[in-house]
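Enquirer: Model the full structure from these sequences, guided by the hints.
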Amino acid sequence: MGLEAQINQPFIATRLDEVINWGRKYSMWPMPFGTACCAIEFMGVVSSRFDVSRFGAELVRFSPRQADLLLVMGTVTQKMAPVLKQIYDQMPNPKWVVSMGACASSGGFYDNYSVVQGIDEIIPVDVYVAGCPPRPENVIGAVVKIMEKIDREKAADWK
Amino acid sequence: MNESQIAEKVQARFGAKVLRAYAFRGQAAVTVAPADLRDVLVFLRDDAELQFEMLMDVGGVDYLAHPDAESMDWRFEVAYQMYSLSKNHRFRVKVAVREDALDVPSVWDLWGIANWMEREVFDLFGVRFTGHPNLRRIMCHDDFVGHALRKDYPINKRQKLSQPAENILCAKPEHA
Amino acid sequence: MSADGTQVQPIPSELLTLNIGPAHPATHGTLRLQVQLDGETIVNMACEIGYLHRGFEKQAENCQYQLVIPYAERLNYMGPVHNSNAWCHAVEQLLGIEVPARAQALRVITSEMGRIIDHAVCIGTNLVDIGALTNFWYMYNYREKVYDLYEELCGARMMVNYPRIGGVSMDAPDGWFDKLLRVMDEMHEAVGEVRALVERNRIFMDRTIGAGVITKDIALSHGVTGPCLRAAGIPYDIRKAQPYWGYDQYEFDVPVAQGGDTYDRTIVRFREMEESVKIIKQAVARMPDGPVMVEDHLVAMPSKDKVYNTMEGLINHFKLVMHGVKPPVGEIYSATEGGCGELGYYIVSDGTPNAYRVRIRPPCFANYSTFPKISTGGMIADAIAALGSINIIAGELDR
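Residue numbers (our numbering), protein chains in the order written: chain A, 1 to 159; chain B, 1001 to 1176; chain C, 2001 to 2399.
Worth flagging that the hints you see were computed from the coordinates, not collected in a lab. Built from N, CA and C at the ideal position, the CB exists for glycine as well. Heads up, a few of these hints could be off.
[Stated by the list, open to error] To spell it out: a stretch of chain B is covered by chain C in this simulated footprint if at least three of its residues, at any positions, have a beta carbon under 8 Å from a beta carbon of chain C; those stretches are:
#, segment
1, 1002-1013
2, 1046-1059
3, 1102-1113
[Said to hold, decoys possible] Only pairs whose alpha carbons sit at most 20 Å apart, straight line, appear in this in silico EDC-like list of lysine to aspartate or glutamate:
#, chain 1, residue 1, chain 2, residue 2
4, B, Lys1172, C, Glu2199
5, C, Lys2145, A, Glu137
6, B, Lys1151, A, Asp111
7, B, Lys1157, A, Glu121
8, B, Lys1172, C, Glu2061
9, C, Lys2373, B, Asp1103
10, C, Lys2216, B, Asp1046
11, A, Lys85, B, Asp1142
12, A, Lys85, B, Asp1109
13, B, Lys1087, C, Asp2004
14, C, Lys2326, B, Asp1068
15, B, Lys1160, A, Asp111
16, B, Lys1087, C, Glu2040
17, B, Lys1160, A, Glu121
18, B, Lys1160, A, Asp120
19, A, Lys85, B, Glu1166
20, A, Lys85, A, Asp51
21, B, Lys1157, C, Glu2061
22, B, Lys1172, C, Asp2217
23, C, Lys2145, A, Asp51
24, C, Lys2216, B, Asp1143
25, B, Lys1157, A, Asp111
26, C, Lys2216, B, Glu1099
[Unchecked claim] Counterexamples of contact, computed for chain C against chain B with all Cβ distances above 12 Å:
#, residue
27, Glu2014
28, Pro2173
29, Lys2240
30, Gln2242
Expert: Written out as structure tokens, the structure reads:
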């Protein structure tokens, strides 16, 4: 948003940052890039028991142009890598990336010819969630960490 | 019929064309040359006592580092797992593929499942299936060089892909 | 000709090529379809798979037989325990050993629980594609209850790593069987809510009857197994045809339908869930006493008491961990009935602790290979409904 980048007055800028961050963190629209088993645990996260909509992130958008949180859930193979890059590029700013599970963070225990050893070879990642698959509480913890990260941001960071 | 009896019947019918007969833990298999493959499979399907209606699986094996490799002058085998619904018995037919003659006749017109399964054996081992309508890679990406499941392909040799394939349509949906 | 007699020019049209996937909500995993559309009708279609090819078969050649158990579990990640149960079964056939009766009953129970949750998610996500979102939450609530049971028995929710070559890793804790029976009693009501909303629902029936028909000929030619085959009218179930783990002692029916369309596959899955509950109840009633691991020191780990207090136990433990089990040179094809159909393992052994070649016969591969044939000529909405009902799990499809 260009307007805030141009407001130079410190008091208004910090208040505006807080309001914008408050809006962004409590209404994140995740884009579930689910490939493997972690996607099934994510389905558990959005289900009634581990309800992620308590944190405002329930409205999954399957189009990257409408989403701001990319959740990469599951193994990313060499064949899938260009697709992931394309989806990440299609998302407008501001955007954050959560790498869920061991396979997305580092290739997991698949150290072979066809698996990308961590999606940070392709796209920048904000939060890594460990586990195979991670417990749903872990995933919600990652969403909360993204919220804490958003709190520390300024609106001028995202051009 | 148990699998050894089926193997005997196949050997009685095909004689010297059976290169190797194999039995282990109650299961049996025969190995034939590529030229005889279709005859053997059609015999298994059509014979009144055998009636193998279903082809369950087509898988390749690379015998490069196997202890049995000294007695075989072929490197690869493609194993066809057969199952008979009406008689409830199983059998395995393997085709011997030499490294310098990697052609095997395709059976996709007999069983539709062979279309994709033969593509996978081609992708991972390099065995070419003559008569296949769409012999492209199926598991690895199209820019992959080499055949991943061969014993001389190192496990960690990664090959990156920059662009996914644009058009994958074929002339007819049965070929796809 | 228009109404007043003048000649009307036909509107030029061309076929639309549409790419669906691999990141798409309706494909349930990493599947890619390319369709050529004439309006809403599919004229030509191609499917591309391999977007989740994780190199399982190559990986299994590089590790010992018991280390393949976690890899096997991640094949069909909807009902994971069955895959590793089936792997251990295949290796035991290769070794020629028989598992004790209590371990067999525990394997039956965990596999049938896996079948129930597999069908629950398949039906739930298929209904989401068709537009009935509520059922997904109901099915997932029930799945969470089964997860709690797995957690108490094995220590983890999904990827439990429970069976071992020669048996299972641990016995059920006290009171677990009572909890299991309570959760099974709740299944009828929990899934019954979904079934009541769906089975005689006019919209669901209009949407799914006649959509994506897998005929008997297509099924036999493509090696289709599991609920897709039984919905086409062929009553083939490996648990009845070639029983293992004591399935011949349990009384259960094999639900069969005649139409082969999406509606029939959904109803067959509902009925199979009921049959699985029957099997679990019989297994608990019949639960034999005894060990849960075979008494063979070449296969089973010694107890910790022996490991810490005797030299033989220590060496035995060391050799099993470092060198693993060593089957004789040979090959085996072992087939069991997974959630999607016949899950086969073709293992070639060269006498070393690592498998020489592991080939998995994935049921989803055969089922999905019918898809271009059954959806061409129909509408794209029917194709999406049929895609969900075939239950394609990319982990198993691509391995």
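Enquirer: None of the hints should be skipped; say for each whether it holds.
Expert: Evaluation of the provided hints:
no.	hint	result
1	1002-1013	violated (count 0)
2	1046-1059	holds (count 6)
3	1102-1113	holds (count 3)
4	Lys1172(B) to Glu2199(C)	36 Å, violated
5	Lys2145(C) to Glu137(A)	16 Å, holds
6	Lys1151(B) to Asp111(A)	16 Å, holds
7	Lys1157(B) to Glu121(A)	16 Å, holds
8	Lys1172(B) to Glu2061(C)	37 Å, violated
9	Lys2373(C) to Asp1103(B)	27 Å, violated
10	Lys2216(C) to Asp1046(B)	18 Å, holds
11	Lys85(A) to Asp1142(B)	18 Å, holds
12	Lys85(A) to Asp1109(B)	39 Å, violated
13	Lys1087(B) to Asp2004(C)	68 Å, violated
14	Lys2326(C) to Asp1068(B)	17 Å, holds
15	Lys1160(B) to Asp111(A)	14 Å, holds
16	Lys1087(B) to Glu2040(C)	43 Å, violated
17	Lys1160(B) to Glu121(A)	11 Å, holds
18	Lys1160(B) to Asp120(A)	14 Å, holds
19	Lys85(A) to Glu1166(B)	16 Å, holds
20	Lys85(A) to Asp51(A)	29 Å, violated
21	Lys1157(B) to Glu2061(C)	15 Å, holds
22	Lys1172(B) to Asp2217(C)	19 Å, holds
23	Lys2145(C) to Asp51(A)	15 Å, holds
24	Lys2216(C) to Asp1143(B)	38 Å, violated
25	Lys1157(B) to Asp111(A)	10 Å, holds
26	Lys2216(C) to Glu1099(B)	38 Å, violated
27	Glu2014	14 Å, holds
28	Pro2173	35 Å, holds
29	Lys2240	10 Å, violated
30	Gln2242	7 Å, violated
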